[in-house]
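Q: Residues per chain are reported as follows:
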Amino acid sequence: MLELQNITYLGEDNTPILKEVNLVLEDKKFYVITGPNGGGKSTLAKLIMGIYQPSSGKILMDGEDITELSVTQRALRGIGFAFQQPPRFKGITVGQLLQLSNKAEIYGELCNYLLDVGLCPKDYMNREVNTSLSGGELKRIEIATLLSRKLKIALFDEPEAGIDLWSFSRLIDTFRNIHSRNGQTTVIISHQEKILELADEVILIADGQIQQKGEKDKLLASILQGCDCSMDCLERTGEADECR
Amino acid sequence: MNVVEKRLLREVADLHDMPAGAYNIRKDGQGVGRQNTENIEIKTKTDKPGIDIIIKPGTKGESVHIPVIITESGIEDMVYNNFDIGEGSEVLIVAGCGIHNSGSKKSQHDGIHHFIIRKGARVHYVEKHYGEGEGAGERVLNPKTIIEVEEGAYAEFELVQLKGVDSTRRSTEAKIHKNGHLLITERLLTHKKQYAESDMVVELLGEDSTTQIISRSVAQDDSQQVFYPRVIGMNKCRGHVQCDAIIMDRAVVRAIPEIAAHHTDAQLVHEAAIGKIAGEQIIKLMSMGLTEQVAEETILQGFLK
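Read top to bottom, the protein sequences are chains A and B. 1 is the number of the first residue of the first sequence in my numbering; add one for each residue after it. 1 is the number of the first residue of the second sequence in my numbering; add one for each residue after it.
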């Protein structure tokens, strides 16, 4: 179980990005965090991974205070994070990146993770993670690096961004399968209705605070009520006039 | 052969034992071992220090190892090596110089290598530089490489220097004829107060001649690097220069690529980039469980691979 207690994060000029956030993520549950851009979703995920340090508040994992732990220490405790814009690595191949992530060296197993994200291992294992990969390919490889690990908490920051429609439906299946297969807590930041539908619980973050948290069916209905447009423009909730 | 000598040979030529094909091993200014094969002849020059390596036309799948090791402090060695690579042959040539200087005097090896890669030949040349030893004596290597790529020949030059050499001034001059191709990859890592300079001029003389120069370097501590890769297109040709450097600590890197076209069908491109390791790269690897230090080493190793 992961618990955020009174987490406040101040950005540049001491502007509050997150304000006194309290959140409990239970084991093996599937959460989707949604809300308007700039509302604090990515910041929350980065605080959990340890990429950002909270200005105040505590983060507990299975009762242990991990607030002061480094990114590496949190990774070793089973937290993983898929970047919204993953970095590229000149000279490092997709296969090597998966190996660094998985630590095992069974080539066949690593190939499966690429298949899970709709990439042919034969074409990709020896490709360098450099600018020759498209944004969509890079995102899928990023997701594969998380799928390859045995995690307690897997955080994905807008995994669908830049991924084409055909791969997207496959990705949905992958998230569903991996979640049940690995028995991990999955947290996905997303605006996509199809991803929201996977969730046990949906968390709506806006203006640096958790506005709503609850079972997907109830919450989706309530978010939708406030929005005339399709679910794909969920991110406009609370922000644009036409969505009110 | 003692432990130091064996280690130097392993570092510069990946040799764990005497190589199978032709070889010539030079230690502290003297030849200490040589083997010719039916197709590859190595001869000592009579007018100046150095060797002639003559590869018969049509020789396929053979290799030549010509490592140089310096184990004594204060040795200043200068050699002239000529390579005549016969028509239609396909060979691997592994050169390189390893210096172990535990004394206080300067140890230096300057090699002038002259290659003629004849019609339709394919050659892969690997040159590694390596230095070690705790003494205050400098380890200096100044190689000069002159390459002539004849019609339809293909040459791949891999030049590597990872740590240990205090000062290096590398000069490379190449002329490429019709349908010839030259690929140069240079990998360099300097640290402490080391200095490295690489000056290259590739002239694309023949129709449809091509070249690609790829330089990857890492400059750490207070080291300095300067790159002058130049490609001159004199005919319908293609040339691509790519200089990519990672800069760290208080190092200084200068990259000055130049392309010059003397023909309307010359297609020449150069790219140069210098930058530090991106913070996101380190964080990504740390988020996979690597420590910050291992993450940095992994990124550098990949970059210089």
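Quick caveat, the hints were computed from the structure, so don't treat them as lab data. Being a predicted model, the structure only gives us computed values, none of them experimental. It is possible that part of the hints are untrue.
List time: in silico PhoX-like cross-link candidates among lysine-lysine, alpha-carbon distance up to 20 angstroms [claimed, not checked]:
| no. | chain 1 | residue 1 | chain 2 | residue 2 |
| --- | --- | --- | --- | --- |
| 1 | A | 152 | A | 46 |
| 2 | B | 43 | A | 90 |
| 3 | A | 218 | A | 194 |
| 4 | A | 90 | B | 305 |
Q: Now, for every hint given, state plainly whether the structure supports it.
A: Do the hints match the structure? See the list:
Annotation: proposed proximity of residue 152 of chain A to residue 46 of chain A holds, straight-line Cα distance about 16 angstroms (limit 20 angstroms). With a CA separation close to 42 angstroms, the supplied pair residue 43 of chain B and residue 90 of chain A exceeds the 20 angstroms bound. Simply put, residue 218 of chain A and residue 194 of chain A have alpha-carbon atoms about 16 angstroms apart, close enough for the 20 angstroms limit, and the pair holds. For a cut-off of 20 angstroms, the pair hint linking residue 90 of chain A to residue 305 of chain B stands: about 9 angstroms separates their Cα positions.
Consistency with the previously given hints fails for number 2 only.
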